[in-house]
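Enquirer: Here are the chains, one letter per residue:
2 protein chains.
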Amino acid sequence: MDQFSTIHESLTAVFQVRRFPANITAGESGHDGMTDRRPPGQRSELAVLLWQRALDPQQGTWSLPGGRLRNDEDLDTSARRQLAEKVDVREVDHLEQLSVFSAPDRVPGPRRIASAYLGLVPLTADPQLPSDTRWHPVSALPEMSFDHGTVVQHARTRLAAKLSYTNISFALAPDRFTMSTLREIYCAALGYDVDTTNLQRVLSRRKVITPTGDTATPGRAGGRPASVYRFTDSDLRVTDEFAALRPRI
Amino acid sequence: MDQFSTIHESLTAVFQVRRFPANITAGESGHDGMTDRRPPGQRSELAVLLWQRALDPQQGTWSLPGGRLRNDEDLDTSARRQLAEKVDVREVDHLEQLSVFSAPDRVPGPRRIASAYLGLVPLTADPQLPSDTRWHPVSALPEMSFDHGTVVQHARTRLAAKLSYTNISFALAPDRFTMSTLREIYCAALGYDVDTTNLQRVLSRRKVITPTGDTATPGRAGGRPASVYRFTDSDLRVTDEFAALRPRI
Numbered sequence: 001m002d003q004f005s006t007i008h009e010s011l012t013a014v015f016q017v018r019r020f021p022a023n024i025t026a027g028e029s030g031h032d033g034m035t036d037r038r039p040p041g042q043r044s045e046l047a048v049l050l051w052q053r054a055l056d057p058q059q060g061t062w063s064l065p066g067g068r069l070r071n072d073e074d075l076d077t078s079a080r081r082q083l084a085e086k087v088d089v090r091e092v093d094h095l096e097q098l099s100v101f102s103a104p105d106r107v108p109g110p111r112r113i114a115s116a117y118l119g120l121v122p123l124t125a126d127p128q129l130p131s132d133t134r135w136h137p138v139s140a141l142p143e144m145s146f147d148h149g150t151v152v153q154h155a156r157t158r159l160a161a162k163l164s165y166t167n168i169s170f171a172l173a174p175d176r177f178t179m180s181t182l183r184e185i186y187c188a189a190l191g192y193d194v195d196t197t198n199l200q201r202v203l204s205r206r207k208v209i210t211p212t213g214d215t216a217t218p219g220r221a222g223g224r225p226a227s228v229y230r231f232t233d234s235d236l237r238v239t240d241e242f243a244a245l246r247p248r249i
Numbered sequence: 001m002d003q004f005s006t007i008h009e010s011l012t013a014v015f016q017v018r019r020f021p022a023n024i025t026a027g028e029s030g031h032d033g034m035t036d037r038r039p040p041g042q043r044s045e046l047a048v049l050l051w052q053r054a055l056d057p058q059q060g061t062w063s064l065p066g067g068r069l070r071n072d073e074d075l076d077t078s079a080r081r082q083l084a085e086k087v088d089v090r091e092v093d094h095l096e097q098l099s100v101f102s103a104p105d106r107v108p109g110p111r112r113i114a115s116a117y118l119g120l121v122p123l124t125a126d127p128q129l130p131s132d133t134r135w136h137p138v139s140a141l142p143e144m145s146f147d148h149g150t151v152v153q154h155a156r157t158r159l160a161a162k163l164s165y166t167n168i169s170f171a172l173a174p175d176r177f178t179m180s181t182l183r184e185i186y187c188a189a190l191g192y193d194v195d196t197t198n199l200q201r202v203l204s205r206r207k208v209i210t211p212t213g214d215t216a217t218p219g220r221a222g223g224r225p226a227s228v229y230r231f232t233d234s235d236l237r238v239t240d241e242f243a244a245l246r247p248r249i
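Heads up: the sequence lines are chains A and B, in that order. Per full-length UniProt numbering, the very first residue in the first sequence carries number 1; after that it's consecutive. Per full-length UniProt numbering, the very first residue in the second sequence carries number 1; after that it's consecutive.
Hint data in this document are derived by calculation from the structure and do not stem from the laboratory. Please note that the accuracy of each hint is not assured.
Said to hold, decoys possible - Only some residues are given here: those of chain A computed to face chain B with a beta carbon under 8 Å:
(1) H8
(2) T150
(3) Q153
(4) H154
(5) T157
(6) A161
(7) F231
Glycine included, C-beta positions come from ideal geometry on N, C-alpha and C.
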């Protein structure tokens, strides 16, 4: 390779809100005020898909799915192709470029530049995984390969920011959901408690969610039947443009 | 180069709101309702910094500043270094990665992957430019090299989106400004008319701008002295997180 040539790879942080045994995250801060409506002994957590390296370099550490860009594909195509080897990509509802990781010494050997992606899988999906691959709570990552831990933190920060000004949660939620389920998703993705009433009020006012008119069957705890909602749109959009900045129709 | 190796380059769309002779943009839609407080015969436009290629490929077309990543630098460092060759980088108040342009055939010859950046220069800066380099209104681009026109449109879309949910306009505005000047910047950057009163109300409520307590000397048209404002912060932040999504203190 000459002075300027590099290898380009994609790396995708695929996130899903998943239920883990409570002991995995016991004592974690930020969830103490959360009323848990999950089965006893389970907690909802934002999880990331990782595979364990069988060979050196860094044998035994955990990596994000990804790999080298081929001559005949662009990066988005490459990221989806690489994901298909780890998880059924039809279950990835949202995929976006994060940023490029390009420190000269980020991996040993020939220089590799990584385009990092954020991928989101809905709560109800349960993709088949190869034997070297597992979901890990983002709050308790195992020993990560190279700079992959930094990529995960970057992806989580982007997700939390977009939860606050877009409808991106459509890609983490089932098609139809109660506010209790949606709150579970927001609490897990943000890492702190969110009030159900406020969440319902803000998302309804911004037309992010729409009532379906149906109600859910009460759970074991009984109580009133809960309203069932859906997302108004299933494409990413900014949900609160400044009123003053909208073009005149 | 082997099957996987590529050349990586940065390309930066540097934007500034500038005043152009009115005939450059006469008849452009979207500005008809705008009360122009500029000197007669001038209009404010979002402009982008371009240089003209003296040699083939595509001799005579206009390109974004940028160039090859070196072995000893990361992409952000490289983008700033390349800009320094075209414009004093101390005048670039904001620089952020947009996305990666990686279509296999985007340029002739060995494969080049481009990391695109958005750069912003404040209204009052007047950087020295080399002789092959000029500011062009984004609404009337000359013949552009390769996919550089697409990069400019992508950068403009990102800027317009961020104007609606962040304080990014700090990087286009002078340190101290009247609402009339700030409106000039928003109208030019968005490409449509914005009401001064609404703009002042929304930006004040969200604590994006703060009155300095000073007033500006009335212009030739006379009238009441205008209040002078400054930006509350000069680091990028999201200005409207959902109230329901903020962590409890």
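Enquirer: Does each hint fit the structure? Answer for all of them.
Expert: Cross-check of the supplied hints:
no., hint, verdict
1, H8, "holds (5 Å)"
2, T150, "violated (13 Å)"
3, Q153, "violated (16 Å)"
4, H154, "violated (11 Å)"
5, T157, "violated (11 Å)"
6, A161, "holds (6 Å)"
7, F231, "violated (15 Å)"
Comparing the model with each numbered hint stated earlier shows that hints 2, 3, 4, 5 and 7 do not hold.
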